[in-house]
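Protein chains in written order, with full-length UniProt numbering: chain B, 1 to 150; chain C, 1 to 591.
Hints listed in this document are in silico derivations from the structure and should not be mistaken for laboratory results.
Mixed in with the good hints, there may be bad ones.
Claimed, not checked - Here are the simulated EDC-like pairs of lysine to aspartate or glutamate, each with C-alpha atoms no more than 20 angstroms apart in a straight line:
#1 B:K92 - C:D98
#2 C:K38 - B:E31
#3 C:K38 - B:D35
#4 B:K73 - C:E100
All figures in this text were calculated on a predicted structure; none of them were measured in a lab.
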Amino acid sequence: MERNHLQRQIAVMRQSLFDQGLVDEQFVQLEELQDDANPNFVEEVATLYYRDSSRLIHNIDQALMKRPLDFHKLDSYMHQLKGSSSSIGAKKVNAECNQFREYCQIGSAEGCVRSFQQLKKEYGALKKKIEAYFQMVRQAGPDKTACSRN
Amino acid sequence: MENGFCSPRNDTFPAGLRVLVVDDDPTWLKILEKMLKKCSYEVTTCGLARDALSLLRERKDGYDIVISDVNMPDMDGFKLLEHVGLEMDLPVIMMSVDGETSRVMKGVQHGACDYLLKPIRMKELRNIWQHVFRKRIHEIRDIENHESLEAIYMIRNGSDHSDDGHLLSMEDLTSVKKRKDIENKHDDKDLSDASSMKKARVVWSVDLHQKFVKAVNQIGFDKVGPKKILDLMNVPWLTRENVASHLQKYRLYLSRLQKERENDLKCSFGGMKHSDVSPKDPSGSFGLQNSANTQQNDVVNGSYRFSVNNLLVQNVDPNNKHEDESIVSEPTAEPERASNTSHLPDPHKTKNSQMVFNHSFDSLESEVNLTAFDSTIPTNYSWSEVPEMEFNQEHKPLTSVENGFSNLPLLDPPHHIHVDQLQSVSSTSSKPSSVDRGITGPVNIKPHKGEYGSSQVNCVTSTVSTTNSFQTKTIMVNDQALEPIYTSTCTMRTQGFNQSRITDLESTQRNQTLGNGSPFVSFDDELRVLFQGDCYGVDLGLHNVDFPEYNAPGHIDEVPFHLYDSLRPSYEYLCETAEFYNRSTTIHSMN
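If we strip away everything but chain B, and leave its shape as in the complex, we get:
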């Protein structure tokens, strides 16, 4: 019973990731790649993403502090971040990346700063949610991940 309860919780959490628009179908793709060889593949990828992208976020933070802003460089960073974020299907982060790049295009420093704040917020929110989710999945054990899918 408790296992079932946990399982249900996992399913609800997972569904909320989609319902809140935090992740898109790429996340499902990753889940489908999970197999015996890589039972925690999604988590591994997410961990890798957060490790790698935090460096990028830091770089962008630094670049945003300089004046005048190097929009070309910012755009290049954001391009990287967008590509990276697409790997785990971080939908909202991705949307902010696009927004940011649009501000780069028109050379709006204010827009860049504002959208980057928003981006970091989404980035952090996803991280928090997704980590909680993975923790629960780990608790349930490897077998249960598959069941949690639709």
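With chain B held as given, fit chain C onto it using these hints.
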């Protein structure tokens, strides 16, 4: 697509495909590795383009296909793509989170066999074996088909080196309208829409070319038409225009080979010089066509030189260089050429041209030696383009005869146009290359070099300026302008020849003075930028010869006559002479 060709090497074929993945993003690297492994592929991942390149160089046969990200910090993905295409000749798939058409186009232009957008799905990766398979099919074909090898070589060179700027420039020069007009005139069957021409930048990959060659062989040279080829090739995205322009190139290529062979023969006869001149022309046409197609930088360069040579007869050296390059890249091509030569009959043109060109030939050689070629490039380009349009029609019959493609069948009427021009041009220019190779050629050249080396250098700059003026005019005038230009080129040739005969030094000096006065320098600069890599010194020769006549209206008028006289016997251009004459006058008035 495959036309039921041979099956893959082994039964498990797609499984075990060796894939090299290059991406600076570790997350994607991990995902792609997993996906590819799930496809039963053998995966190697690489976070740096430079590392990937060294991996590829270490194990040249260690991979079947490369998947590379476009944006990488250490090396642009397109750069890597170029290297792989040049050194390894592996199929490369580009990937990026950006789906901008221009980016994708760039990737395709650089030779990518596919362009995937992130997030990449496994089903997309599952199919990548087709690129490897396609390539293998073509490789087998290559072995079977000698001709195809040569063609491939030619195509490869072009595609590897092509860069965007070049292509764009070419496109601008060759206006869609012009082509359309020509096609309408000559191609009753299919009227292509002008809009499709803009999309004509097709990179003729080896695979694609193989299909093309196969289709041509199937149809038979006598009956080939772009439409037929297109149907046989069965490549959905390919347009009739793409095929038509490629067919032209292909014919030119073949014609050039023939010319070379002819030249060899002629050398033995002693009337070699003319033949040398003619080879240059074909190459020039090549360059033009290529640029239009967006395929080949190398070819373009060579062609540029050639075209110039035709007019001026100076470019002999460049031609030789071009040939040398080709030889290096494809040793196999040479033997074929030699054999072909024996088969080919001497073209009519060559005979005529021989009379006129011998003197000029010497002067040309010296120019080549000088090596001041940058400025000349722009001119060549304009020349080659313009002539193709109008000349083709007039000279069609002649061209076919001249080239005497023993192997090649007669061209279709629509196709003829482009090809013919090239051929006619080539008849004038093609031989220089052979001359260099040949015994007679070198002897003549050396003395000239010594005498004219210094003067020639100066001439180059002057030629550039003249060229610019021509080009600008053509651009402004559009179609109409093109015709006059063409005529002018013709006149130039004759003039160049005449002058060269009379006094090489004097002509060059004149040219220099004349060239300096030209006001279109800015235009040249633009052109140069576009063509920089390609053009060596093709234009130099032309400048010397052409300029004096150009400046003097009276000379121009005379030129047409000369041309006609020389041409008539071989080509039977009686009717055309009148046209030429008019054109020459137009040019004159323009100046």
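Notebook entry, point to check: Is the straight-line distance between the alpha-carbon of B:K73 and that of C:E100 20 angstroms or less?
Noted result: holds, 19 angstroms
Check: Taking 20 angstroms as the top limit, are the C-alpha atoms of C:K38 and B:D35 close enough?
Finding: Holds, because 10 angstroms separates the two Cα atoms, which is no more than 20 angstroms.
Item checked: 20 angstroms limit on alpha-carbon distance, applied to hinted pair C:K38 and B:E31 -> Judged against 20 angstroms, a Cα distance of about 13 angstroms means the pair holds.
Check: Do the alpha carbons of B:K92 and C:D98 lie within 20 angstroms of each other, as the hint requires?
Finding: holds, 17 angstroms
Figure legend: structure checked against the earlier numbered hints; every hint is met.
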